[in-house]
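Enquirer: Order-wise, the sequence lines are chains A and B.
Following our numbering, the numbering of the first sequence begins with 4 at its first residue and continues without gaps.
Following our numbering, the numbering of the second sequence begins with 4 at its first residue and continues without gaps.
It is possible that part of the hints are untrue.
When chains are identical, the list treats them as one kind, so a pair holds in a single copy or across two.
[Unchecked claim] Simulated pairs of lysine-lysine, DSSO-like, Cα-Cα distance not exceeding 30 Å:
{"#": "1", "residue 1": "K405", "residue 2": "K329"}
{"#": "2", "residue 1": "K727", "residue 2": "K307"}
{"#": "3", "residue 1": "K201", "residue 2": "K274"}
{"#": "4", "residue 1": "K517", "residue 2": "K695"}
{"#": "5", "residue 1": "K405", "residue 2": "K427"}
{"#": "6", "residue 1": "K201", "residue 2": "K517"}
{"#": "7", "residue 1": "K421", "residue 2": "K405"}
{"#": "8", "residue 1": "K329", "residue 2": "K517"}
For the record, the hints were derived by calculation from the structure and aren't laboratory data.
Number of protein chains: 2
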Amino acid sequence: MMIDQDRTSTTDVAAPLSPDMLRRMDGYWRAANYLSVGQIYLRDNAMLDRPLTVADVKPRLLGHWGTTPGLNFLYVHLNRLIVEHDLDMINIIGPGHGGPGLVAHTYLEGSYTERYPAIERSRSGMHRLFRQFSWPGGIPSHVAPETPGSIHEGGELGYSLAHAYGAAFDNPDLLVACIVGDGEAETGALAASWHSNKFLNPARDGAVLPILHLNGYKIANPTILARIDRGELDALLRGYGHEPLYVEGSDPAVVHQQLASALDAALARIKAIQATARADGAIVERPRWPMIVFRTPKGWTGPKAVDGKPVEGTWRSHQVPIADFKNPEHIRQLDAWMRSYRPEELFDADGKFLDDYASLAPTGHRRMGSNPHANGGELLQPLSLPDFHAYAVPVPVAGQVKAEATRVLGRYLRDVMKFSMDAKNFRLFGPDETASNRLADVYDVAGKVWMAEIDAVDEDLSTDGRVMEVLSEHLCQGWLEGYLLTGRHGLFSCYEAFVHIVDSMVNQHAKWLKVTKSIPWRRPIASLNYLLTSHVWRQDHNGLSHQDPGFIDHITNETADVARIYLPPDANCLLSVADHALRSRGYVNVIVAGKQPDWQWLGMDAAVRHCTVGAGIWDWAGDDADPDVVMACAGDVPTLETLAAVTMLRAYVPDIRIRVVNVVDLMVLQPQSEHPHGLDDRAFEALFTADKPVIFAFHGYPALIHKLTYARANHRNIHVRGYKERGTTTTPFDMVVLNDLDRYRLALDAIERIPRLADRVPAETARYWTTLERHKLYIAEQGDDMPEVRDWQWPT
Amino acid sequence: MMIDQDRTSTTDVAAPLSPDMLRRMDGYWRAANYLSVGQIYLRDNAMLDRPLTVADVKPRLLGHWGTTPGLNFLYVHLNRLIVEHDLDMINIIGPGHGGPGLVAHTYLEGSYTERYPAIERSRSGMHRLFRQFSWPGGIPSHVAPETPGSIHEGGELGYSLAHAYGAAFDNPDLLVACIVGDGEAETGALAASWHSNKFLNPARDGAVLPILHLNGYKIANPTILARIDRGELDALLRGYGHEPLYVEGSDPAVVHQQLASALDAALARIKAIQATARADGAIVERPRWPMIVFRTPKGWTGPKAVDGKPVEGTWRSHQVPIADFKNPEHIRQLDAWMRSYRPEELFDADGKFLDDYASLAPTGHRRMGSNPHANGGELLQPLSLPDFHAYAVPVPVAGQVKAEATRVLGRYLRDVMKFSMDAKNFRLFGPDETASNRLADVYDVAGKVWMAEIDAVDEDLSTDGRVMEVLSEHLCQGWLEGYLLTGRHGLFSCYEAFVHIVDSMVNQHAKWLKVTKSIPWRRPIASLNYLLTSHVWRQDHNGLSHQDPGFIDHITNETADVARIYLPPDANCLLSVADHALRSRGYVNVIVAGKQPDWQWLGMDAAVRHCTVGAGIWDWAGDDADPDVVMACAGDVPTLETLAAVTMLRAYVPDIRIRVVNVVDLMVLQPQSEHPHGLDDRAFEALFTADKPVIFAFHGYPALIHKLTYARANHRNIHVRGYKERGTTTTPFDMVVLNDLDRYRLALDAIERIPRLADRVPAETARYWTTLERHKLYIAEQGDDMPEVRDWQWPT
């Protein structure tokens, strides 16, 4: 990138740093850069006691230099700000490929060694620091769960700013610096995240300071934001609601002063905004928050050119700027590059960072590598939860009363919200769907946060709401992740089909959770909880685009340490499962439940017992010790169709012997070797028998049940019905008919599989087809369900 | 929304429409609104021959009124522009929930009846038009594949603008109007899409005219862009690179004139931009494209209030503004609403739209409902493809030569590009990864499109490139979809783990493809082709965040009409599969192939035979008619490990009888009843035997193989190894060790499952553990693969 030093900058180049401070800060930066290069390259000779040789260089060079010097520069300056103002600050690093930088800095400030004592602040510690980086058995090359001070993995790009806002919510004294890479700024999630400032209340929440790290290049291309003119960039950032401060250059001495000025100005502005908003009687309005544009060369201070090609300031410095050490010139160039940081001025002979520089760092929990907000489990307080039994739907007899499961849950969530109002540690997230998903009772306690204009016609909006609504699943997910990672609690309610929008985000979060389980100093955080509703079977009105139950398939690929999937069949089970999810730690809990009025099956005590085991025989519906057939079901609509099929079967074949099994916790189906919830084979057979036909009515794609049960002895007899991508705009009952999940089909499935009923099959087949013909007639004429479907009840 | 008519608008309120034109256009709009309301509400009395009664109203009311009057208004005005300037225009409707509007307009212009003759332009046709809407057996409530003139399904929001740009690329004479909803504007995909204008060349491509439909509300909330002040909004849009023209108000007569002015200005600006760019010798620069901000009330012209609550201009008009017809006032209100459009002035007694208005519409292919670009199959020309045999890697003997599969493919793609330079109907898409994925040979023919600034250090960027690189999987996917839907071809190359970012987009596209297969007038379009590389087994350096083979699991949930998954084991197979994919129509083809230097197995003729069948016995590697064990493999790395295991097994147990089966086309594993590629049981057993142990080394999650094969007779003997979420930063060989996919483990798996070798198991187990110990030593000491792994070859 051609940095034009003379380009007009809106930041006055005042000189807030004294010459000595400038010298020390630059030394600190050089030390971090030295350690970063060392990590990428060296397996020996860490302190350059002798000229580098090929033997000192790692045989396989992996890492990302390009963004690192800029990250290192910013960290030094954020440290100054923390020390001068005793700030509580964390740092989210969007260009997380620059892992060596954050590792270097936490090592210099001491946080790293406290977490990893083997990496001492000494000669041998530096040797190990270098060797472990991007090395088998060592540490990842990106900012990762292993990195102290981070809540943000640098692998998949785009989530930094949403994480930063999630961290800042309800943390009024926290300042979250968020370094946004100009590469990641091209992603959808990041592009949407800028508007997060319409949801941050300066009186109640902390502040986010976005720092756009405009180093100009991605892996192999320039970035968009670096190649639009200053006017356009400025307009864009102001359009996002920010007041940008520009820092740009390539001369460190100049840029140090510029950045110090800009940070001072930004902090002053943040403090002024907060003071105004927090004054007695203040009317809280959305401020224009400051942000910083930090335009410095990619690979700054690295080799200017290698083999005659420009490197510093170009995409060629993205990863390892000098490679191929068969060329002897290259080793000399690496040696000169590392010595250019003058390590002898920075470290003593034993590798200890000299106090002249080291004393610039904050201490204790003020160090960004040791800030407890970046290890949220340290701060986590259990939610103060109401007793969920109090919200129970009375079910004196199964199948005689209807309720809307999510509306019932909404009353419970209202009180979860109420009970957490003092602790301020719970929020509800949803993409413009909270009311549609029938959770609107929460508004009795807390409205929807909205810092943009509010009109007279608006309802339930407020600047201090605790429901987060924005039409972006990415933002809901990213905010919630940031909120959880800093030690709070939440629930994301979403249309089932569209939660696929965050497939990749949940992957990354699940990987984070999995890895943290084996990092002793990472304390457990609250689970990531999903309520998926407006589900596949009740999107008959919205049609095929809204019908997709595949998110649970996706989640089954997450590691068994993390993945939990629940399909409560009614409102009381939903309450029990939700309570469990909100108490749990370190999981991804996916709860799928409908919002439509539907028959209720279990009283609360029975619901709790059922959900605790995860699956069970519903003895009141059928519990033959020697059944002809097991009618199994998972999910609310499949449960309804199964029970309706059972009543029908009893009418057709009075001597039929049926067992009804309902599955709430999908993971019980897996072998115990694959998942901790998996039933052992004896328990599985106690439910599903060892050899009887099982007609399994399933909420999702049928193959998922086969994927989970293939290793079971009775698998060959498990016949699954579920969604098979047959959907359109139609009636709810037609949805199950189209997918062969209707009661008539299930009943026929059963009869067909019971050998002693072989002679009944033709009669029942005929009855089945007659029913379907009647159904077609109904929907053509009335566009509605068949009356006997609408009005059906489980017989008392 | 409070519309302030006096608010300063940058659009001069000139009056380009004559009074008569204004009257006729307003009539046309009223007709569209009338038909929209009728679709949502009525099942009878379509022409209001008598006062409405409850019996005339559909029993179940489904549809979205809120956005519809605005969409209808815009359509009338776009029609004027088309007619006045003989424009080739299509219209992408982001707020696609407003399906009734587009249906109404295509009906009024005649396009609808041409596609659906039963929906005549008559009294009875209008009756059927109303009844079919959002009705079982009828049509979806959103803009859908069934809707003439659309390439954009309105179900899941966020993809309109990317689709619009995809449609405009290489269509220099096409103008794509793109109505962006202010709700969808909050999504990540849409937020990223604004920068698409940095990739559109005015000399070569068509134009996109974004129209931000600022009607203020989503389902239950205001929208962000409607609640920031004009200055911020203006800055934002200018920051996106546009010159916004504002149209705002609620008085139709005023807004008609404003919009006509704005459209005239926008078109003049577009024509000027294109003329400049297309002049002889012009230097093509990125212009600031015009766009329109259209701020009108949600539910415009609908009921002002219902039950005393404001409706027009609020979120309450999002769906069905008047419901609950048990209240007799409501039916009177609906009657009055519909009559407010004065249908008697618009339609004759037979329901025919009066020519006074109807004559405003364009005719023939100029009608947006009949524009062939919106039915891309009509325009599709087969790609002119080079003979892929010419790029073959010579493989005189299996396993003796290495090649980088994707680099070989890159040479073929270079010539696909070259051969399509005249037709301009092929582009390559990738998120900053084309070179990283080793496809850079394409740059010999066509660079990367880049309309922002180009610096001297840049390489392979050009304003007329044909490789689309942006760090957004959403944009790559959305552009490609738009390009395909308008009748062109393309390939999306992506890191395997991060393609999950577009899980939801590929879902929606697959649903579109599935539905279009049963719409006779929709002509087949080219397949959506993915090359997934930088795959799970070779992301040892980037670590766990980059390791996820689950996209193919996701794709197996797509309907069998559409889903195709290929795992070519070497470069020649990759060429064969890629050629097939580029020739195919209407599929989602996912090809997974590595980029690292790896052993090659099949000469080109053998590769073609193998890929054509989809799976086969590799007789040169082992083809025992009565095998002790079948060693099966799918994917390049598993194939390597399997063949290495086979050599090992032969050395350990010279009399072992092995059959090696390789699977390229994953869908052959499914039963024929589930997928057209599925092998019948006889063919399956001819490969995998009826009763012998099968050790299946698989590229992805092992459960996927079980999901596909559970119904096979020999399933119980199929033992699968694959990725089980054990990954970190390590060596390639350690990746397979960590996941039990390594050659040693596979060999031991085989021995353990062959009864006659039971006595060998302890010895081989010991050998296995010794090997692992040696492996650990290697990576700890050297950070590198074991030499015998790096240097191993298949024995000649």
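Enquirer: Against each hint, give a clear statement of whether it holds in the structure.
Expert: Each hint tested on the structure:
no.	hint	in the structure
1	K405 to K329	between (76 Å within a copy, 22 Å between copies)
2	K727 to K307	neither (58 Å within a copy, 43 Å between copies)
3	K201 to K274	within (18 Å within a copy, 38 Å between copies)
4	K517 to K695	neither (38 Å within a copy, 37 Å between copies)
5	K405 to K427	neither (34 Å within a copy, 60 Å between copies)
6	K201 to K517	neither (33 Å within a copy, 39 Å between copies)
7	K421 to K405	within (27 Å within a copy, 65 Å between copies)
8	K329 to K517	neither (40 Å within a copy, 55 Å between copies)
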